[in-house]
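Put chain G on the given structure of chain P with help from the hints.
Each chain, letter by letter, is given below.
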Amino acid sequence: MDNELLINIGFFVIPLALGYFFGKWNEARHYKSILRRENELRAVMVFAARHIPDDVDVDFSGLVSGSAVISVDYFKTFLANLRGIFGGTVSSYETLLERARREAILRMKQNAKDWDANVIFNVRLETCPVFASGQNNTSRSVEVMAYGTALKTQYFKT
Amino acid sequence: MIISNIEIIPGKKVKEHFGLVHGNTVQSKHLGTDFLAGIKNIFGGELKGYTELLETSRKEALDRMIQEATHLGADAIVNVRFSTSSIAAGAAEILVYGSAVKLEDRADG
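Protein chains in written order, with this note's numbering: chain P, 1 to 158; chain G, 1001 to 1109.
It cannot be assumed that every hint is accurate.
[Stated by the list, open to error] Examples of chain P residues lying across from chain G (beta carbon under 10 Å, computed):
| # | residue |
| --- | --- |
| 1 | 18 |
| 2 | 19 |
| 3 | 22 |
| 4 | 24 |
| 5 | 50 |
| 6 | 51 |
| 7 | 57 |
| 8 | 61 |
| 9 | 73 |
| 10 | 99 |
| 11 | 127 |
| 12 | 129 |
| 13 | 130 |
| 14 | 140 |
[As the list claims (entries may be wrong)] With a straight-line cut-off of 25 Å between C-alpha atoms, the simulated DMTMM-like cross-links for lysine to aspartate or glutamate are:
| # | chain 1 | residue 1 | chain 2 | residue 2 |
| --- | --- | --- | --- | --- |
| 15 | G | 1048 | P | 38 |
| 16 | G | 1012 | G | 1063 |
| 17 | G | 1102 | G | 1068 |
| 18 | P | 24 | P | 98 |
| 19 | G | 1013 | P | 59 |
| 20 | G | 1102 | P | 59 |
| 21 | G | 1015 | P | 57 |
| 22 | G | 1015 | P | 54 |
| 23 | P | 113 | P | 126 |
| 24 | G | 1015 | P | 55 |
| 25 | P | 152 | P | 57 |
| 26 | G | 1013 | G | 1068 |
| 27 | G | 1048 | P | 94 |
| 28 | G | 1015 | P | 59 |
Simulated from the structure, these hints should not be mistaken for laboratory data. Computed from a predicted model, the values in this text were never measured in an experiment. Yeah, the Cβ is synthetic: ideal placement off N, Cα and C, and Gly gets one too.
So here's chain P without its partners, still in its complex pose (with noise of 0.2 Å):
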């Protein structure tokens, strides 16, 4: 086997198997911190319904939102181009969308709580790819924003 084969194989062998064990390990830490984080806010009252009772008393009404840009590692990328070969569920790029997706509404949540807002109203989830300069039309990230109107309110309280 020649050196230069030997090179181009380390190319692809190397990121491939830091993207697995790294990959693997950021997204394991990451859904740890998401269910703490969950736990945390967990008195703050999410709905995707527009309309707010009538009889509710509100002290503080306004707009709340969070963002994340999730990043793929290389070896899900790979399994991603190995299923377009053949079609059917990405699943490799669905936990990311997941992970991205809770992370932008525990941020909104986070947000709402700073107003010591506790509910919040019509939320909206906003997805984007975002393109790095120099990846031709491949994007690698995902951005996910979430919105909606926080209320603080005595009506939901228990």
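Structure of chain G alone, referenced to chain P:
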């Protein structure tokens, strides 16, 4: 200035409509963040630089919208929507729009 993405503000009613107001920004990343993003694409994880950049440009777009509404004499913007589009590699446009209104307290509270 009250901003909401619902058409009504609880306890208030709309006195006057001023129509659509909007604000936009087009932002691009500097090479440093781009380079770091390239590395992150191998390891995976959050791109903090991009998150912050998009957050600040969103704030900027909101500020521009609020400025326009203030100029019209409104004290609230309702039905606000955000929209993001990647117009080119390395640049993104943030658009935020809503209806500017003037509010007054509802008599029945």
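Structure-based check of all given hints:
no.	hint	result
1	18	holds, 6 Å
2	19	holds, 5 Å
3	22	holds, 4 Å
4	24	holds, 9 Å
5	50	holds, 5 Å
6	51	holds, 8 Å
7	57	holds, 8 Å
8	61	holds, 6 Å
9	73	holds, 3 Å
10	99	holds, 9 Å
11	127	holds, 9 Å
12	129	holds, 6 Å
13	130	holds, 6 Å
14	140	holds, 5 Å
15	G/1048 <-> P/38	holds, 20 Å
16	G/1012 <-> G/1063	holds, 23 Å
17	G/1102 <-> G/1068	holds, 14 Å
18	P/24 <-> P/98	holds, 15 Å
19	G/1013 <-> P/59	holds, 16 Å
20	G/1102 <-> P/59	holds, 19 Å
21	G/1015 <-> P/57	holds, 20 Å
22	G/1015 <-> P/54	holds, 19 Å
23	P/113 <-> P/126	holds, 21 Å
24	G/1015 <-> P/55	holds, 21 Å
25	P/152 <-> P/57	holds, 9 Å
26	G/1013 <-> G/1068	holds, 21 Å
27	G/1048 <-> P/94	holds, 21 Å
28	G/1015 <-> P/59	holds, 20 Å
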